[in-house]
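Asks: Chains as they are written, first to last, in the numbering used here: chain A, 3 to 66; chain B, 3 to 66; chain C, 3 to 66; chain D, 231 to 285; chain E, 231 to 285; chain F, 231 to 285.
Note that these hints are calculated values from the structure, not bench results. These numbers come from a predicted model, not from an experiment. Just so you know, even glycine gets a beta-carbon here, dropped at the ideal spot from N, CA and C. Treat the hints with care, as some may be off.
[Claimed, not checked] Each pair of labels, with its calculated beta carbon distance range:
1) D:248 - B:7: 21 to 31 angstroms
2) A:63 - B:26: 27 to 37 angstroms
3) F:257 - A:63: 36 to 46 angstroms
4) E:256 - B:53: 22 to 32 angstroms
5) B:26 - E:281: 25 to 35 angstroms
6) E:244 - B:7: 21 to 31 angstroms
7) F:281 - D:252: 47 to 57 angstroms
8) B:31 - C:7: 38 to 48 angstroms
9) B:30 - D:259: 33 to 43 angstroms
10) B:62 - F:284: 47 to 57 angstroms
11) D:249 - B:32: 20 to 30 angstroms
12) A:56 - F:255: 33 to 43 angstroms
13) A:53 - B:10: 18 to 28 angstroms
[Claimed, not checked] Quick list of in silico lysine-lysine cross-link-like pairs, DSBU-like style, CA-CA up to 35 angstroms:
14) C:53 - E:241
15) A:35 - E:241
16) A:35 - A:7
17) C:27 - B:27
18) D:249 - C:22
19) A:57 - E:241
20) C:5 - F:237
21) B:5 - B:35
22) A:7 - A:22
23) A:57 - A:35
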Amino acid sequence: QQKSKFQTNVHNLTDMCWSKCMTSKITGTAIDKGENSCLENCVNRFIDSQKTIVKQLDHMGGRA
Amino acid sequence: QQKSKFQTNVHNLTDMCWSKCMTSKITGTAIDKGENSCLENCVNRFIDSQKTIVKQLDHMGGRA
Amino acid sequence: QQKSKFQTNVHNLTDMCWSKCMTSKITGTAIDKGENSCLENCVNRFIDSQKTIVKQLDHMGGRA
Amino acid sequence: ARMLIEKINEKCFEKCIPKPGSSLSSGESLCLTNCMQKYMAAWNTVSAAYITRIK
Amino acid sequence: ARMLIEKINEKCFEKCIPKPGSSLSSGESLCLTNCMQKYMAAWNTVSAAYITRIK
Amino acid sequence: ARMLIEKINEKCFEKCIPKPGSSLSSGESLCLTNCMQKYMAAWNTVSAAYITRIK
Numbered sequence: 003q004q005k006s007k008f009q010t011n012v013h014n015l016t017d018m019c020w021s022k023c024m025t026s027k028i029t030g031t032a033i034d035k036g037e038n039s040c041l042e043n044c045v046n047r048f049i050d051s052q053k054t055i056v057k058q059l060d061h062m063g064g065r066a
Numbered sequence: 003q004q005k006s007k008f009q010t011n012v013h014n015l016t017d018m019c020w021s022k023c024m025t026s027k028i029t030g031t032a033i034d035k036g037e038n039s040c041l042e043n044c045v046n047r048f049i050d051s052q053k054t055i056v057k058q059l060d061h062m063g064g065r066a
Numbered sequence: 003q004q005k006s007k008f009q010t011n012v013h014n015l016t017d018m019c020w021s022k023c024m025t026s027k028i029t030g031t032a033i034d035k036g037e038n039s040c041l042e043n044c045v046n047r048f049i050d051s052q053k054t055i056v057k058q059l060d061h062m063g064g065r066a
Numbered sequence: 231a232r233m234l235i236e237k238i239n240e241k242c243f244e245k246c247i248p249k250p251g252s253s254l255s256s257g258e259s260l261c262l263t264n265c266m267q268k269y270m271a272a273w274n275t276v277s278a279a280y281i282t283r284i285k
Numbered sequence: 231a232r233m234l235i236e237k238i239n240e241k242c243f244e245k246c247i248p249k250p251g252s253s254l255s256s257g258e259s260l261c262l263t264n265c266m267q268k269y270m271a272a273w274n275t276v277s278a279a280y281i282t283r284i285k
Numbered sequence: 231a232r233m234l235i236e237k238i239n240e241k242c243f244e245k246c247i248p249k250p251g252s253s254l255s256s257g258e259s260l261c262l263t264n265c266m267q268k269y270m271a272a273w274n275t276v277s278a279a280y281i282t283r284i285k
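Using the sequences and the hints, build the whole thing.
Replies: Rendered as structure tokens:
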């Protein structure tokens, strides 16, 4: 079940970061250096963003 | 369970009406008067729209 | 249960092909000839596309 | 028909009511009725094409 | 509040971080904080309007 | 791999077949094959970055 949660997260992250980073026309099978670092940054900033939100919510006393 | 259905509806309405009404750049924490009335109208027109559709479907003899 | 899987597929295909094919303003109740053939082609090309992907994945030895 | 109603409302609200006002205008109501008919026609076309393809 | 966190992150990441860089800039962090407050205010408005309508 | 197939088809159909015609053109087929490889490469990059981050 933990494996399935992990896989779902990876599927959703790939879906979202694909839309954000892979905006050019498909011309070959490889992802270039810029796309690759965009994907890595996308994953990391998304997690940063989530942590920022959770921290702020806690700070507000879990009013939500 | 009814509470959870209510919350899911509010989450989905907020998601949809946010996309429709909050199109400007984020510059502060408050929602302005125009955004606020757009959100309220969005909820009410969405429910109106749903009622219109349901009424028409009934009118057609529930053929769907 | 098989009926429900079929219906879900039709709902998802209609959703996706509606977005692809029905891009003009709503002016009447009928779908015109161009829209109709776009919808039919959309369903068939989507299934072709899925078959292409599955075949390629098999070809790669089911590495995914 | 719950899922059909949800999908129609999602698509037709988006198309017919880009800026929700203080009430449904008659133009918006007409658009919703037309859009609903159109969506159901599209559903029928898609359904028939899908059945033909998978049988 | 899991669903609220997911929705806020989805909407605010999209709005505040169009091009993810090697760290969150201070502008992006500020945008996230503002966006979060704004999303919760929108949630409250929507919730109140929905309750008024359905009761 | 059902979810992977669904996601690839969703993304690559959108990208490679903007206007579906009466058959898949060779250009569309090539685009699908390339897009699939690219999507799987993106999946691997995302997966690796996520593992690194959460461990």
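Asks: When you check the alpha-carbon spacing of residue 7 (chain A) and residue 22 (chain A), does it fall within 35 angstroms?
Replies: With Cα atoms ~23 angstroms apart, residue 7 (chain A) and residue 22 (chain A) stay inside 35 angstroms; holds.
Asks: Starting from residue 57 (chain A), check that the Cα of residue 241 (chain E) is at most 35 angstroms away, please.
Replies: Answer holds: residue 57 (chain A) to residue 241 (chain E) is near 17 angstroms, not above 35 angstroms.
Asks: Would the pair residue 35 (chain A) and residue 7 (chain A) pass a check requiring their Cα atoms to be no farther apart than 35 angstroms?
Replies: It holds: about 29 angstroms lies between the C-alpha atoms, which stays within 35 angstroms.
Asks: For the pair supplied as a hint, residue 5 (chain C) and residue 237 (chain F), confirm whether the alpha-carbon distance does not exceed 35 angstroms.
Replies: holds, 23 angstroms
Asks: Taking 38 to 48 angstroms as the stated bounds, is the beta-carbon spacing between residue 31 (chain B) and residue 7 (chain C) within them?
Replies: holds, 45 angstroms
Asks: Is the straight-line distance between the alpha-carbon of residue 53 (chain C) and that of residue 241 (chain E) 35 angstroms or less?
Replies: Holds: residue 53 (chain C) and residue 241 (chain E) sit about 34 angstroms apart, inside 35 angstroms.
Asks: CA of residue 249 (chain D) to CA of residue 22 (chain C), is that 35 angstroms or under?
Replies: holds, 22 angstroms
Asks: Cβ-Cβ distance between residue 53 (chain A) and residue 10 (chain B): within 18 to 28 angstroms?
Replies: Holds: the Cβ-Cβ distance is about 25 angstroms, inside 18 to 28 angstroms.
Asks: Kindly confirm whether 25 to 35 angstroms is satisfied by the beta carbon distance between residue 26 (chain B) and residue 281 (chain E).
Replies: holds, 27 angstroms
Asks: Keeping to a limit of 35 angstroms between CA atoms, is the pair of residue 57 (chain A) and residue 35 (chain A) held or broken?
Replies: holds, 33 angstroms
Asks: Just tell me: holds or violated, for the beta carbon distance of residue 257 (chain F) and residue 63 (chain A) against 36 to 46 angstroms?
Replies: violated, 57 angstroms
Asks: Between residue 30 (chain B) and residue 259 (chain D), is the Cβ distance one that fits in 33 to 43 angstroms?
Replies: holds, 36 angstroms
In the structure shown, a violation is registered for the earlier hints numbered 3, 4, 12, in ascending order.
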